[in-house]
Amino acid sequence: MSLILENISKNFRSFQAVQGVSFTLEPGEVVGFLGPNGAGKTTTMRMIAGLIRPSSGNIKLKGRMSAMIEEPSFYPYLSGLENLRYSASLTGIGENAILPALERVGLMERREHRVSSYSQGMRQRLGLARTLLGNPEVLLLDEPTNGLDPQGVAEMRELIRGVSSEGVTVLLSSHILAEVEKIAPRVIIINKGRIQADGRVRELFSQLGSEIISMTLDVPADFTPQALEMLGSQPWVQKVYLHPSGVLVLNLLQHDLDQIAPAMVHARIPLLGFRTDVESLEQVYLQAVTKKVQA
Amino acid sequence: MIPRIALAELRKARFKKRFWILLIIMGVLTPLVQVIIAYFVTQNLSGGQLDQGGAISKDIAENAATAFSLGRNFISVGIAIFLLPISAMVGNYFIGEERGFKMWKVILVSQPNRLNVLLGKFLAGIMLLAILILGSGLGNITIGFLANLAFFHAPNTGDWGTLIPLYFLQCLTVTAPLALAMLLSSLIAAPAMSLLGTILLPPILEGITTASIISQLDKINVVNAAFQALKLKNLFEQVPRYYLSTNLNLGTSFAASSVVGGIFGNRGAANNPLNSILEFSWQNTWWSVGVCGVYAAIFLAVFLAMWMRRDVLD
Chain D
1 MSLILENISK NFRSFQAVQG VSFTLEPGEV VGFLGPNGAG KTTTMRMIAG LIRPSSGNIK
61 LKGRMSAMIE EPSFYPYLSG LENLRYSASL TGIGENAILP ALERVGLMER REHRVSSYSQ
121 GMRQRLGLAR TLLGNPEVLL LDEPTNGLDP QGVAEMRELI RGVSSEGVTV LLSSHILAEV
181 EKIAPRVIII NKGRIQADGR VRELFSQLGS EIISMTLDVP ADFTPQALEM LGSQPWVQKV
241 YLHPSGVLVL NLLQHDLDQI APAMVHARIP LLGFRTDVES LEQVYLQAVT KKVQA
Chain S
1 MIPRIALAEL RKARFKKRFW ILLIIMGVLT PLVQVIIAYF VTQNLSGGQL DQGGAISKDI
61 AENAATAFSL GRNFISVGIA IFLLPISAMV GNYFIGEERG FKMWKVILVS QPNRLNVLLG
121 KFLAGIMLLA ILILGSGLGN ITIGFLANLA FFHAPNTGDW GTLIPLYFLQ CLTVTAPLAL
181 AMLLSSLIAA PAMSLLGTIL LPPILEGITT ASIISQLDKI NVVNAAFQAL KLKNLFEQVP
241 RYYLSTNLNL GTSFAASSVV GGIFGNRGAA NNPLNSILEF SWQNTWWSVG VCGVYAAIFL
301 AVFLAMWMRR DVLD
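From first to last, the protein sequence lines stand for chains D and S.
The first sequence: position 68 = 68 (our numbering), numbered continuously.
The second sequence: position 65 = 65 (our numbering), numbered continuously.
Since the hints were made in silico from the structure, they are not lab data.
Since the structure is predicted, the reported quantities are computational estimates derived from the model, not experimental observations.
Watch out, some of these pointers could steer you wrong.
Label-pair distances were calculated between CB atoms; the ranges are [claimed, not checked]:
no.	chain 1	residue 1	chain 2	residue 2	range
1	D	Gln120	S	Phe145	52 to 58 Å
2	D	His113	S	Ala190	29 to 35 Å
3	D	Phe12	S	Ala190	21 to 27 Å
4	S	Leu134	D	Lys60	44 to 50 Å
5	D	His113	S	Leu313	28 to 34 Å
6	S	Ala192	D	Asn7	40 to 46 Å
7	D	His113	S	Thr157	51 to 57 Å
8	S	Leu32	D	His113	35 to 41 Å
The C-beta atom is built at its ideal place from N, Cα and C for all residues, glycine as well.
Bound conformation, chain S alone:
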């Protein structure tokens, strides 16, 4: 029942231009811009001021546009810009649109039951986000592969065994902002306000939480300075581990450790001074997935509870 409703919702969503445009921006335009930049850099490096060591600079530029690099860049940096907005758009589409077109009175008529319809919509949201994320990733990798084949001829090597699972896990973390978007779309009539709420509410609340914790610290004096410093360190290391924003984007540390590892030659080795902060680990990745899962469960529970009691009057 629920998968059938989700498929019906997805079939409907394919008529929405906005999702195709998003897919084109994320999966085609974003990698194309990187390829074009890399191409012009490699063309103009030779003999120019940028060409300090010749081969190294050219290597970096070429390697920035391989299939692996584009795939890695997108999951780390590229998608970071889009994660909250696309979740907000998808959540708003599946819930807010029903209000706009007065469709609740049609789709919430006794059969199928209300819970199935709402869970079907949530599942459809996850599926649509997965299509957008995985589709864009595939676009980035394909364009990188073709560009490399045509222009750069650099090896398409990289840690594919980490990159591919990251894409799939990323589809799980977006369930949290999706559930938040659906909840806010149900609460706020104006679509623009619910979109903004989904994008801005998590960082605002997290900022307020951090500020309130800091304000509760004792004033620093000669006696407690060391303890206060430890408390602060603990605050900035531990508290964000429970925030939605900091756990949402899984690829950041993967890309960072990959770049830092490139600079220091041996990622994870003791001679890497940024290792403790930027090292990628599956343990941290699964932690992030878990935290986002808890947020998703809370938002979804509130969303469902609200709708199960709600009278459809519009």
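Next comes chain D alone, as it looks inside the complex:
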């Protein structure tokens, strides 16, 4: 085991930010840590990183841990190289680890430039370079793809895959579910301070996904606004939006599936075609965060 959380709780005065969170991460595992804003993700990560003291519970960490919590911070008047040099000295990591880390994130050319001149994406990559210094066994990454362009996101994904293949355990928090789905075979979903789901996406879908499903409806272009308005007003529709390809995508409970056809007929909207989508992390996530939290 690389990291074990045993019944961790954190109270800020009367507010319970995290309640009884427990999970275990195995060496080399990449785990997505998901939840809406204010769910307790960052508080949990800060507790693991030693920045916040848990009100109760235990955290057991095996090996060296490195963390990038929320947006990466630096001394803006120092260069990227000097920032890493400072962090390396602080943690007793040799100077020879700095250049390979910069090389790995593609910042060698800008290493002598002040961080104040870096773009958000470059800061994000420098933050990752800092976490990779000294080959940590556990990596905590909070929104590592924030501010990255599509190419940067793909590079970050490969980087995370790379470190994972070297046996590094990664706990990855992100709001980009499609991205998490590509990197993390296992996800932990937290809401209102409690773990709502923990497992592989497909396993979770079979446990939770039976209720919420995602559907794609194809209607003539002339009827799209009318269909969007009609479906949006239905209480049984969880979410509906127009996909750039021109089709309507909606989330609804499975037992409401048979309400679609009568509604379309009643609104006199022709239906050219429809399909239910395969299970996705988004469905699992929505199901997990919308289910009632037991007190």
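The hints should help you fit chain S onto chain D, whose structure is shown.
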């Protein structure tokens, strides 16, 4: 571990212009101004109204700009202006800046442990202050030596055996305002307020303490007048011995006794009426170092205790 962290902090501080500017002001500009004044005084004395006795006035002006004089002036008068502000700046830099740049969440991650990081920062603060004080002193002495060589040709003599240790001991007394600055920077989010707090809080609290002691004295009447006078004398002589401000600057009495000794011809002799007040003694110097050490230990203990329990949320 702690020295390594301190060195990392010092390497970072070398990129801050403010410390270089301070070093230039204290170690270069301050002695240069004294040399320029001494130079113009000696140039204009001859035949002027100021030249009462000729050689004596010229002697004083020349001797004011020797290596020893500039070194002594700085540790006594010059540094007195800077001690609290530079301590406040250094303390605020090592603690307040982390808050400003949201760096606590980076440097307080489990390894290295929090206590080591904080003690490393404190050690770095002492080292930076020592560099500023000793560097400025060296600047003053060097400029005095060069100016004397070029213009005045006065003997570079003086009580170097006292002056040099004073510089090193001065680096110990600033640990108290440094620890106070670090504590206030941790408590107060606004850097300007924590800077002002470090500079103004000690004299304000000491003034309040003195006023409260005075207010507790009985009203003076015919019977107790003598006792009250003794109490007052005791108050003004004894109570400030425990204040931070009065113990902070070690060089004051050294310079004063040196000047008074010059006037009366024999420092420490019985014919010097100001001897009891202004005499320099190692006993008083070590007392001051001890008092500042106690203040530093108290402030540092509160600072560390506060951080060990603190959640890093920003």
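52 to 58 Å as the expected CB spacing between phenylalanine 145(S) and glutamine 120(D), which holds or is violated = For glutamine 120(D) and phenylalanine 145(S) the Cβ distance comes to about 53 Å; the hint holds.
Look at the Cβ atoms of phenylalanine 12(D) and alanine 190(S) and judge whether their distance stays inside 21 to 27 Å.
-> 23 Å, holds
Pairwise beta carbon distance, histidine 113(D) to threonine 157(S), judged against the given window 51 to 57 Å | 53 Å, holds
Can you let me know if the beta-carbon spacing of leucine 32(S) and histidine 113(D) is within 35 to 41 Å?
-> 36 Å, holds
Evaluate the given range 44 to 50 Å for the C-beta pair formed by leucine 134(S) and lysine 60(D).
-> 47 Å, holds
Range agreement (Cβ of asparagine 7(D) with Cβ of alanine 192(S), hint 40 to 46 Å) = About 44 Å separates the Cβ atoms of alanine 192(S) and asparagine 7(D), which means 40 to 46 Å holds.
Range hint 29 to 35 Å (beta carbons of histidine 113(D) and alanine 190(S)) holds or violated = 31 Å, holds
Could one say that the CB atoms of histidine 113(D) and leucine 313(S) fall in the range 28 to 34 Å?
-> Since the Cβ atoms of histidine 113(D) and leucine 313(S) sit about 31 Å apart, the hinted range of 28 to 34 Å holds.
Checked against the numbered hints above, the structure breaks none of them.
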